[in-house]
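Engineer: Here's the letter readout for the chains.
There are 2 protein chains.
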Amino acid sequence: MSSLNDVKSRALGKLVASKIKQEFPVANLGVLHEPVFRGRELDYTRQCIESGFVSSVGEFVNRFEEQLSLRFEGRSVVATNTGTSALHLALIGAGVNEGDEVIIPAATFVATANAVRMCGAIPHFVDIELSSMALDTQLLEEYLSDLLEPRLEGQFNRQSGRRVSAVVVVHLFGHSAPVKEILGVIDPYALPLVEDAAEAVGSIFHARPVGTSSALAALSFNGNKIVTTGGGGAVVAESAEVARLLKHLSTTAKKPHPWEYFHDMPGFNYRMPNVNAALGCAQLEQLDLFVEAKRSLVGRYASALGDVSDVELVTEPSGGRSNYWLQTILLEQSHDLSAVLGALHEEGIGARPLWKPLHELPMYERCPRSPLGVTESLSGRLINLPSGVGVAA
Amino acid sequence: MSSLNDVKSRALGKLVASKIKQEFPVANLGVLHEPVFRGRELDYTRQCIESGFVSSVGEFVNRFEEQLSLRFEGRSVVATNTGTSALHLALIGAGVNEGDEVIIPAATFVATANAVRMCGAIPHFVDIELSSMALDTQLLEEYLSDLLEPRLEGQFNRQSGRRVSAVVVVHLFGHSAPVKEILGVIDPYALPLVEDAAEAVGSIFHARPVGTSSALAALSFNGNKIVTTGGGGAVVAESAEVARLLKHLSTTAKKPHPWEYFHDMPGFNYRMPNVNAALGCAQLEQLDLFVEAKRSLVGRYASALGDVSDVELVTEPSGGRSNYWLQTILLEQSHDLSAVLGALHEEGIGARPLWKPLHELPMYERCPRSPLGVTESLSGRLINLPSGVGVAA
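Which chain is which? The protein sequence lines are A and B, in order. As numbered in our numbering, residues 1 to 393 make up the first sequence, in order. As numbered in our numbering, residues 1 to 393 make up the second sequence, in order.
I should point out that these hints are in silico values taken from the structure, not numbers from a laboratory.
Where chains are identical, the list cannot tell them apart; a pair therefore holds if satisfied intra-copy or between any two copies.
With a Cα cut of at most 27 Å, we get these calculated DSSO-like pairs of lysine-lysine:
hint: 1; residue 1: LYS356; residue 2: LYS14
hint: 2; residue 1: LYS8; residue 2: LYS356
hint: 3; residue 1: LYS254; residue 2: LYS356
hint: 4; residue 1: LYS21; residue 2: LYS8
Modelling step: build the complete structure from the supplied sequences, incorporating the hints.
Structural biologist: Spelled out as structure tokens, the structure:
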């Protein structure tokens, strides 16, 4: 039996669905984000296969890294086989060791925490602010001041006794987090910042590419991202030396020699294969077009949903030019999210809630954390709407 | 200034090179192992890209797993993005935990040890026998009997106090290890065996596919393997239940639901992308032809090098039908390996020594181990010769 609330929320879902279908009468609305291959994807993958170099060495991997480097202010780029492995390497580059704690938001895709765990470290969740959906600067300042105790080896969590070795900021749905403000808070502690820019490839903030405001950023080229390599990621590093180390770790860490196999570190075999980079080169050539197409969606969603009450469309931060990876609405808080999502799905709209906050997942429920009220509130109100380039077409 | 030994060894290298060039006058001998794309590689990757499914879900990944399953006695197969990640998952499937020790040979590619380390575990090296180049069964029996102490939680290393939780056997260069004998030694300790069959895809031993004689095996489809997916691997599991768990861990471990993101385990994002599986499907169709071509090389190397003294060609074990991934010669032990390799390279032969024994690498030099005399001796005598399908053509 439905409660009165369910009835109201189901009606809202049906209304939103009908408005969206009216706005996008021919688009495939059943999928949240589909990739689009309208460039030289076939041509480049054919060239790659015909060259015989499909694996971890090849011209397209180098080209992909160079093209990315041009987009990231000439920084060093290391292409990897997933966004998770890129984040794992970036955390290593930031100095995260086994047994450390790493400050991350709980409002992010699970890979952010998984990468911390792959370092043998423990996620420590801090709440976000509603406006940027990123780490709350003011809360972070107060929280760290209570939490941290300086020792010779760095900053330590007073309660757990573990070293806190880095902070990860996530540019959620492609919208830039306020990196400068966060750096202002953590710099006095000499805590390094890692940008999880998996969702923000192509986004700009204060005239700079998102992912270049701190020493290290991780990108993703998974199939659901704005540009894809099938599976893939990259580390963007300010320091060429750190990038060399991470590239070395992304291979099997063999020292160059015509025939000897001398591996001087335990490598991860995370390198992006050339055939995936071939796809990526073709996709990167279309990135600016894709950003334009995806940016055009926010206006169309605004016109479709502008007169629907209880629904607020999320727009880019001031000073930002977002890639709008995922279009986002927030429901008035009295609504039942599941009922709205259920109604949207009944109507064929591939809408999604926020990822379940990470402290609510069984493997992370015992991790240390600040109060997470904004995260929990957001997760009860947020819906992502179909956002692929194809929806705009 | 060269020693007398160097002069003799350089002359041997030159002689071997000239014999090889005479036998294979038109082949590209500069590379140890090149992939060959003569099937439907272009067709399948085109289909894959046109389908829009290039990432971790798609028809080719399923097909690749099914085709492999047919080759591995119907066992469950989980396709991964590298051989290293396959081995990592297989070790998890065997029950390896953080802080455990895992018995492995030191005469193997570094990925075998790296995968152990990715579990947070410690490689424990045991010597090989010369005949199979795999773990020495008799030594293993004596060594484990001294080493192990049974406790409630399993077998423990008496000296280090750490649990010993698995044994990895490596089918070196495609030649089957004596798995049955090794199982005979370790079964009384209830130690699980993992087969590192990265190099042995397509090999047969006693009428069974190599990789099916124990509960878990890891395969590799790296660019230097007999068939390639660019980068890739697979776990072959006897238990469908274990395979389901490992497949879950190879993704982001999301529970199925039309829209909710509930991840119940820390997944690794190791899944093979569909575009790589498309390549793999085309390659697998040619595997039997590739095995034939590579098997034909051993006869040609035998006829080329049969009358060269101080050189012995390694052939498949009795009862085996090897894929002859890498053709191998052993030098009479008075030779200087570097001088022979140097001369081969000067003559354009892309020959390689055995991988540096793992206990001689800086990150593994302090790992526990048995005496490793055979490994060390082999590493001073072994040379791999160009072995790709293209050499045979």
